[in-house]
Amino acid sequence: MSETLDTAGATAMLRAVAQAVIDQTDVLTDADLAIGDGDHGVGMRRGFEATLEALQSPPDTVEAAFKAAGTAIMSQTGGAAGAIFGTFFRSGAKAFAGRDAVDGASFAAFLETGLEAVLKRGGVTEGQKTIIDALAPAARAARAAAGGSLADVTAAAAQGALDGVEATRAMIATTGKARSLGERSIGHPDPGAISVSLILVAARDFVAAA
Amino acid sequence: MSETLDTAGATAMLRAVAQAVIDQTDVLTDADLAIGDGDHGVGMRRGFEATLEALQSPPDTVEAAFKAAGTAIMSQTGGAAGAIFGTFFRSGAKAFAGRDAVDGASFAAFLETGLEAVLKRGGVTEGQKTIIDALAPAARAARAAAGGSLADVTAAAAQGALDGVEATRAMIATTGKARSLGERSIGHPDPGAISVSLILVAARDFVAAA
Amino acid sequence: MARPAKKILNDPKNVVAEMIEGLVLANDGRVAKLPKHNALVRTDLPDSKVALLIGGGSGHEPLFHGFVGRNLGDGAACGQVFAAPSPDTIVEAAKAVHRGKGVLFLYGNYAGDNMNFDMAAEMLEEDEGITVRTVRVTDDVAAAPPERTHDRRGIAGDVYMIKITGGAASELDTLDEVERVARKAVANLRSMAVAVAAGSIPETGKLTFELADDEIEIGMGAHGEAGVYRQKLASADSVADQMMEQILADLPFRRGDEIALMINNLGATTMMEMLIVNRRIRQICDREGISVHRTDVGTWVTTQEMAGFSITLLKLDDELKHYLDLPAESVGYSRM
Amino acid sequence: MARPAKKILNDPKNVVAEMIEGLVLANDGRVAKLPKHNALVRTDLPDSKVALLIGGGSGHEPLFHGFVGRNLGDGAACGQVFAAPSPDTIVEAAKAVHRGKGVLFLYGNYAGDNMNFDMAAEMLEEDEGITVRTVRVTDDVAAAPPERTHDRRGIAGDVYMIKITGGAASELDTLDEVERVARKAVANLRSMAVAVAAGSIPETGKLTFELADDEIEIGMGAHGEAGVYRQKLASADSVADQMMEQILADLPFRRGDEIALMINNLGATTMMEMLIVNRRIRQICDREGISVHRTDVGTWVTTQEMAGFSITLLKLDDELKHYLDLPAESVGYSRM
Ligand SMILES: Nc1ncnc2c1ncn2[C@@H]1O[C@H](COP(=O)(O)OP(=O)(O)O)[C@@H](O)[C@H]1O
Ligand SMILES: Nc1ncnc2c1ncn2[C@@H]1O[C@H](COP(=O)(O)OP(=O)(O)O)[C@@H](O)[C@H]1O
Ligand SMILES: [Mg+2]
Ligand SMILES: [Mg+2]
Ligand SMILES: [Mg+2]
Ligand SMILES: [Mg+2]
Chain A
1 MSETLDTAGA
11 TAMLRAVAQA
21 VIDQTDVLTD
31 ADLAIGDGDH
41 GVGMRRGFEA
51 TLEALQSPPD
61 TVEAAFKAAG
71 TAIMSQTGGA
81 AGAIFGTFFR
91 SGAKAFAGRD
101 AVDGASFAAF
111 LETGLEAVLK
121 RGGVTEGQKT
131 IIDALAPAAR
141 AARAAAGGSL
151 ADVTAAAAQG
161 ALDGVEATRA
171 MIATTGKARS
181 LGERSIGHPD
191 PGAISVSLIL
201 VAARDFVAAA
Chain B
1 MSETLDTAGA
11 TAMLRAVAQA
21 VIDQTDVLTD
31 ADLAIGDGDH
41 GVGMRRGFEA
51 TLEALQSPPD
61 TVEAAFKAAG
71 TAIMSQTGGA
81 AGAIFGTFFR
91 SGAKAFAGRD
101 AVDGASFAAF
111 LETGLEAVLK
121 RGGVTEGQKT
131 IIDALAPAAR
141 AARAAAGGSL
151 ADVTAAAAQG
161 ALDGVEATRA
171 MIATTGKARS
181 LGERSIGHPD
191 PGAISVSLIL
201 VAARDFVAAA
Chain C
1 MARPAKKILN
11 DPKNVVAEMI
21 EGLVLANDGR
31 VAKLPKHNAL
41 VRTDLPDSKV
51 ALLIGGGSGH
61 EPLFHGFVGR
71 NLGDGAACGQ
81 VFAAPSPDTI
91 VEAAKAVHRG
101 KGVLFLYGNY
111 AGDNMNFDMA
121 AEMLEEDEGI
131 TVRTVRVTDD
141 VAAAPPERTH
151 DRRGIAGDVY
161 MIKITGGAAS
171 ELDTLDEVER
181 VARKAVANLR
191 SMAVAVAAGS
201 IPETGKLTFE
211 LADDEIEIGM
221 GAHGEAGVYR
231 QKLASADSVA
241 DQMMEQILAD
251 LPFRRGDEIA
261 LMINNLGATT
271 MMEMLIVNRR
281 IRQICDREGI
291 SVHRTDVGTW
301 VTTQEMAGFS
311 ITLLKLDDEL
321 KHYLDLPAES
331 VGYSRM
Chain D
1 MARPAKKILN
11 DPKNVVAEMI
21 EGLVLANDGR
31 VAKLPKHNAL
41 VRTDLPDSKV
51 ALLIGGGSGH
61 EPLFHGFVGR
71 NLGDGAACGQ
81 VFAAPSPDTI
91 VEAAKAVHRG
101 KGVLFLYGNY
111 AGDNMNFDMA
121 AEMLEEDEGI
131 TVRTVRVTDD
141 VAAAPPERTH
151 DRRGIAGDVY
161 MIKITGGAAS
171 ELDTLDEVER
181 VARKAVANLR
191 SMAVAVAAGS
201 IPETGKLTFE
211 LADDEIEIGM
221 GAHGEAGVYR
231 QKLASADSVA
241 DQMMEQILAD
251 LPFRRGDEIA
261 LMINNLGATT
271 MMEMLIVNRR
281 IRQICDREGI
291 SVHRTDVGTW
301 VTTQEMAGFS
311 ITLLKLDDEL
321 KHYLDLPAES
331 VGYSRM
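Protein chains in written order, with this note's numbering: chain A, 1 to 210; chain B, 1 to 210; chain C, 1 to 336; chain D, 1 to 336.
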């Protein structure tokens, strides 16, 4: 288990993340069918397949790797998820500016920077049953663990996201396609939040195995 | 059991015939769904409901009663059946011209006159899996029994029609909506032929009970 | 035939009358209903013209009632769902559109329509002294072999027939001439349909045929009459290939021909599917050296909620092109 | 969500690209596709005009790609099925339609569209110096209470918005003026839908919601988003009554108002049903003293093969009427 990831390592991690999301296309489809329009799975698959392709040519820096992922997602996913995850990776990438490796602290900063951009773009706050409800607790958990190793930070972030997904079950959607369900949205986890957890769990597992 | 039907009796018989066909709407629907477009039942119902209405005002003559039925059918049934059964009753009615009652001989003449008009109108011959394949044997059987009572003639006609319906099962449709089924039409009786049998069975039963 | 149809209707026995009432209201006064019949007539008919009367069973909306308008039908006689109109309705509609130069009857070639329109024609000639000519649409290549085109059904080709004959009936002065143009058009017209799922008649509420979840039927008729064969659901390209092979060979269409191309929705098919099929058809036309003068992709000749589509090719010459390209406007079909 | 969809397609991943290829081929050269994006642009754009860019997720055919043409959209940015287009596609489409007088973005109010179009607008202003204004369609009264119209979805009202804004963008000289007309139109626009059966996304092949055989959902959104309530299948008249009650009360529409009326097929509904509903709507309008300037009954904003329809009312004044009634022609919408 390495303490940091260089550009090649970060690229490999992003590839593992992409594959993990692609593998769960059907799970995301079903989650979005339950409270949205059913396209979240295929949208995420398109975006992360484009990410895998974009990362074929090795990026020069960690920042470039994350930005390439975000750009691929933004241009191929479409919909709310494309805008949000695209913004998340592209803006979050700035946390790695000038750094040649990902460590625990920079990973936590990545989550915070990405979260901030996403909050601004989407105009929602916590509790509206969105991506934010996985991302915000993940970022907080990562910050709390930021003194530790990259493994500690990714583990904390993943757990924060998973807890966040669970918490979305009890929420009433007040934005996005699920909004009109009102109370009928209770009981179902938010699809976008599930995607956040898939991403962070894959990152944790990659770091743990690296 | 009376030997002849006067105008009121003929009108009552036509009403009984109409009701019998209306009662079998679903049977005709299913028969037409199997090899046609499924509208034969509702078409016959429309025509014979209009017949019942037309016969509310008592016709002056037997001929007028049959003609009124034919006119109602022709204008309300629509489709192939409207043209054929409308023509059949309207043209067949001429066999009663100048007569004040229906007897065995005139009923046989009615079937023959109606058949002739229908053959001309439809341009088909026996064996093409149509109304003709019930009507022609019915007319022949009626002619053979025409020396007997009205009861004999209607019974013979009904039996001829029923046998005709059975025979249509083995035929390949070469006209109408069933034509394109080709060999797939084998095994199914012709819907229009079934209607002929319903009409003549109801006539037989009315005469037998009168 | 067990699955029930699911529709938002009032009394199913009144569908045709209520539908025509709704259509007249949607039409901004340009068509009127005859008081006692399910028939429509243009309100802006010129004093003198060859009249075009179209019609047939209902249930194929927007055909026929939606095709009454300038350079289209002058009137329409509408039957109940899938049932030809009765002679009296046709007679009254013909009298209402007649403007002194005779009436052309244009309708699909079905036993019921043929008999009812023929009876009406006889009545009109005998009782009213109105000259009637008849052209039957026989575009469905699936319905009979090429040597028996008179046994073929009329399907989506009705649209191009109404468009061309409507134009000819606006510009040409005699019934003879209008009939000549219509006969030329029908001789140059070929169509074929594929069904994916069945439609239903409101009054019975029953689907008109059964098709397995993974089956389609090539050559299905406009009332659910049997087609040429059933097969497993296949790709858009391969379905288009099969249909085009039969259509092209039938006329036959040859290198250098110029055509109008119509892809018509049988009811419940997505436009996406039809556009994807259009893409393939154009690849085939390019390969065969056939040029496409114009394309119509839309919903014009339906079989209630049947899913599937038809492909229609019309071989053009300058005269047909002229009438086809005239502007037209109606509830069912508008083109500048 | 178990019943599989049954469609004639090639690889479901390519549906949007193939559909756009088919559409361009059907369009007689009047629109072109951008080389690297699922975006369409008119080929006959004048040198100087305010540009109207429309767009959104695909799957609502003929919206949006079918609404590019004279007096309609100048271009369209198309996403994947039910997914807003990405910022880069929108940027390229905007650059292609821009003719020196700024670009108006007109699209339905959904989180995904809002974010992607906003990002594109920022890029265009910052990187290209192109002025962009945005008008979001919010006609669905089922989506949020009247005090939160900014939370409402855009559904079939898109058609009247594109028609009016397209006309205004042809005749008016400044982006300000075109935006003003569009804002007035959207403020006067109200719609509501009813769903009878679900549609599906080609890539998943799954129906987007479940509805019992005897149930309908009033207020269903254009991607199958939940409506206001579910109820048993009811008569056309009572369904029209319920929907009209909510629509009329919302603006509210008042005695003496003049409206345009649209009944839009969500995909698989028969035109017969819509015409029967039109009949009832006109009875209601008569009773309420609302006059109908024009009616459009057809298939313009779909949810794939969803069955159901929507009702749209637009309150008119002379200016809106003028732009609405301009002739327009495109694959999806033509009116003389
Ligand atoms: N304004 C927003 N801010 C953050 N996340 C959002 C917002 N709107 C929607 N989302 C997220 O997007 C997810 C849906 O993504 P997706 O299905 O790809 O997009 P769409 O809603 O356009 O179909 C939701 O589950 C929710 O988590
Ligand atoms: N040319 C014809 N002559 C006699 N009977 C015919 C002819 N064509 C069809 N039929 C009869 O009409 C019946 C179908 O009637 P119907 O369903 O009412 O009409 P349609 O075929 O117009 O739907 C067939 O079963 C057949 O018996
Ligand atoms: Mg979604
Ligand atoms: Mg029938
Ligand atoms: Mg029929
Ligand atoms: Mg979506």
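Just so you know, these hints were derived from the structure itself, not from any lab.
Glycine residues also receive a C-beta, built at the ideal position from the N, C-alpha and C atoms.
Hints should not be assumed to be uniformly reliable.
[Stated by the list, open to error] Keeping only pairs whose Cα atoms sit at most 16 Å apart, straight-line, the calculated EDC-like set for lysine to aspartate or glutamate is:
(1) C:49 - C:213
(2) D:206 - C:213
(3) D:206 - A:30
(4) C:206 - D:213
(5) D:315 - D:250
[Unchecked claim] Sample of chain D residues with no beta-carbon within 12 Å of chain A, all distances over it, derived:
(6) 16
(7) 59
(8) 70
(9) 114
(10) 126
(11) 134
(12) 140
(13) 151
(14) 180
(15) 221
(16) 284
(17) 289
(18) 317
(19) 322
[Claimed, not checked] Label pairs and their calculated CB-CB ranges:
(20) C:126 - B:123: 17 to 23 Å
(21) C:29 - D:29: 52 to 58 Å
(22) B:187 - C:43: 50 to 56 Å
Check your understanding: Straight-line Cα separation of residue 206 of chain D and residue 213 of chain C no greater than 16 Å?
Key -> Within the cut-off at roughly 14 Å; holds.
Exercise for review: With a cut-off of 16 Å on the C-alpha distance, tell me whether residue 206 of chain D and residue 30 of chain A pass.
Suggested key: holds, 9 Å
Review point. Can we confirm that no CB of chain A comes within 12 Å of the CB of residue 221 of chain D?
Key: With a cut-off of 12 Å, residue 221 of chain D comes too close to chain A, as the shortest Cβ separation is near 6 Å.
Check your understanding: Would residue 114 of chain D pass as off the interface with chain A, using Cβ distances and a cut of 12 Å?
Key -> violated, 9 Å
Point to revise | Reported absence of residue 126 of chain D from the contact zone with chain A (all CB gaps over 12 Å) | key: holds, 15 Å
Point to revise | Satisfaction of hint between residue 250 of chain D and residue 315 of chain D, Cα-Cα up to 16 Å | key: With a Cα-Cα distance of about 12 Å, the restraint between residue 315 of chain D and residue 250 of chain D holds, given a limit of 16 Å.
Check your understanding: Holds or violated: is the Cβ of residue 16 of chain D farther than 12 Å from all Cβ atoms of chain A?
Key -> Label violated. Min Cβ-Cβ 10 Å, cutoff 12 Å.
**Study point:** Least C-beta distance from residue 284 of chain D to chain A larger than 12 Å
**Key:** Nearest chain A Cβ is 25 Å from residue 284 of chain D, so the label holds.
Review point. Far enough from chain A: is every CB of that chain over 12 Å from the CB of residue 134 of chain D?
Key: holds, 14 Å
Check your understanding: Is the nearest CB of chain A more than 12 Å from the CB of residue 180 of chain D?
Key -> Answer for residue 180 of chain D: holds, closest chain A Cβ roughly 25 Å.
Review point. Regarding residue 126 of chain C and residue 123 of chain B, is the given constraint of 17 to 23 Å on their beta-carbon distance met?
Key: Given about 20 Å between the Cβ atoms, the range holds.
Exercise for review: Say whether it holds or is violated: residue 59 of chain D keeps its Cβ farther than 12 Å from all Cβ of chain A.
Suggested key: violated, 9 Å
Going down the numbered hints, you'll see the structure goes against 1, 6, 7, 9, 12, 13, 15, 21, while the others check out.
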